[in-house]
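Participant: Heads up: the protein sequence lines correspond to chains V and X, in order.
Sequential numbering of the first sequence, starting at 1, is according to my numbering.
Sequential numbering of the second sequence, starting at 1, is according to my numbering.
Any given hint could be a false lead.
According to the in silico footprint, chain V covers these stretches of chain X (three or more CB under 8 Å from chain V) [claimed, not checked]:
| hint | region |
| --- | --- |
| 1 | 118-132 |
| 2 | 197-208 |
No more than 25 Å apart at the CA atoms, straight line, and that leaves these computed lysine to any residue pairs for SDA-like [unchecked claim]:
| hint | chain 1 | residue 1 | chain 2 | residue 2 |
| --- | --- | --- | --- | --- |
| 3 | V | 123 | X | 264 |
| 4 | V | 119 | V | 83 |
| 5 | V | 20 | V | 34 |
| 6 | V | 201 | X | 137 |
| 7 | X | 201 | V | 126 |
| 8 | V | 245 | X | 127 |
Hints are computed from structural coordinates only; laboratory data are not their basis.
Source: prediction; values computed, not measured.
Even for Gly, the Cβ is constructed at its ideal location relative to N, Cα and C.
There are 2 protein chains.
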Amino acid sequence: MRDLAGDLSLLSINAATLRKQLPLLPSLIEACAKRGIGAIAPWRDQVQAVGLATAARQIKDAGLAVSGYCRGGFFPAADAAGLRVALNDNRKTVDEAKAIGAACVIIVAGALPGALEGKPAHKDIGLVRTQVVDGIAATLEHAKAAGMPLAIEPLHPMQGADRACINTLEHALDICDELDPGGSGALGVAVDVYHTWWDPKLAGQVARAGPELLLAYHVCDWLVPTRDLLNDRGMMGDGIIELRKIRALVEAAGYTGHVEAEIFSDHWWSRPADEVLDVCIARYNTVV
Amino acid sequence: MRDLAGDLSLLSINAATLRKQLPLLPSLIEACAKRGIGAIAPWRDQVQAVGLATAARQIKDAGLAVSGYCRGGFFPAADAAGLRVALNDNRKTVDEAKAIGAACVIIVAGALPGALEGKPAHKDIGLVRTQVVDGIAATLEHAKAAGMPLAIEPLHPMQGADRACINTLEHALDICDELDPGGSGALGVAVDVYHTWWDPKLAGQVARAGPELLLAYHVCDWLVPTRDLLNDRGMMGDGIIELRKIRALVEAAGYTGHVEAEIFSDHWWSRPADEVLDVCIARYNTVV
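Sequences and hints are given; from them, build the entire structure.
Facilitator: Right under this line is the structure:
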């Protein structure tokens, strides 16, 4: 198991962790680079706001890696036009990820169309799962040509209706097997401890994924009680997730990439950016 | 598939649905019986409050069945004394269930000790899962002697840290296979649509369970958005769960028991009991 104490080159900060304090990419880049943090994971709106070429240059000049690009996916739609828009958008996401040198595109599958706005167009979870597989398949061709891996991120089942209808690592890996049966690494998974800690099959599925398919590893913590289904994630060490145990599983399976801190939290968004980054670093060094 | 329109004999009302309006068992019994509802699922504190013999007589006199007794389980503890207390309590629960003529005891596994109070004693999910299996095994001997089936209810993974570390039907059935390899029906499962609708393996696992192991079936709905991890369940038809499709699976697998409405909801607890029961009946007749 890798020793993370004292070396920040493997630490990545997902921009969502500081999206209220440092919404602009240049300020996030600067804050991370000056601390010696090795990588960031930016969101599309942030890259588009500064412009793709500028973002790519700033990230490169700062010496930062990009552990993942947030995000592709959201394939399901209520009609054919919506499905086409999603496919076009995913191809564009792949190109942007390539331009900024991302390790992978994070794929959040999407779920019932309209559900995120509280107005689900229908309830057919089987249909949207089919649309997701079709969407990933179509995007994969483009991604392979671009040399940009797609990482399916299973989300917690509590986000299964509105954000992602792929909720277990096993389900994500079944899709990888179906669409990329050789396990080339063009299609893999992102393992986020928040979404997967509860899964009794986690250890076996992480081992099944292996080094080729383990494309990203995200950390935060599960608080008890959890007061919100989206924005009440905990800082590493403040909850009940066995962080060391899960990282040991992932690394034993061959993962060698970054450890990305992705903390959607009303609490931490209310704290100064310097404090959040300092706490992230301290916890990364001691409990992750 | 059974036709539920117009016949309330298969409808059961879980007492939690009306726990704010009708906390006392006699009032719940009366309200259900006068509508022709076939069954209730009472909670232990309610039965104990009125006295076991009295509760049993009142339920019988009203002509109601008991679709399940809420609840056994919560096996994990931080020390040996705590484990013993839980086992004794579960044996008592089995005896109470027998006295009131319940179809089964609902087993909510329990999770990290102290987590429900926001003070988890530790984070070892593997340990508590072992304690749960040991606790069910010990209770099963007593339950078999009493002729009272135990129904393991997998809870939604969002309740995995504090309420139940068994979160998928597959995991529950694996435990059934381990502890009652003959599939005698002394140990089975309770399928609640709220906890299981998202599971991509639901259909296969329901079929695996079959008539012997399908001991209870609970309905409500999943709202988008869901605003609370515990008390924001929806009335049947108000959310995104494919109720007809799931009941068809359960009945195709051989389930012939009650359909129990169990709605933890701050919204419905704020409505008059008559209204809640009328809406339950209407939805039972049309969308369940």
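Participant: Would you list, in rising numerical order, the hints stated earlier that this structure does not obey?
Facilitator: none
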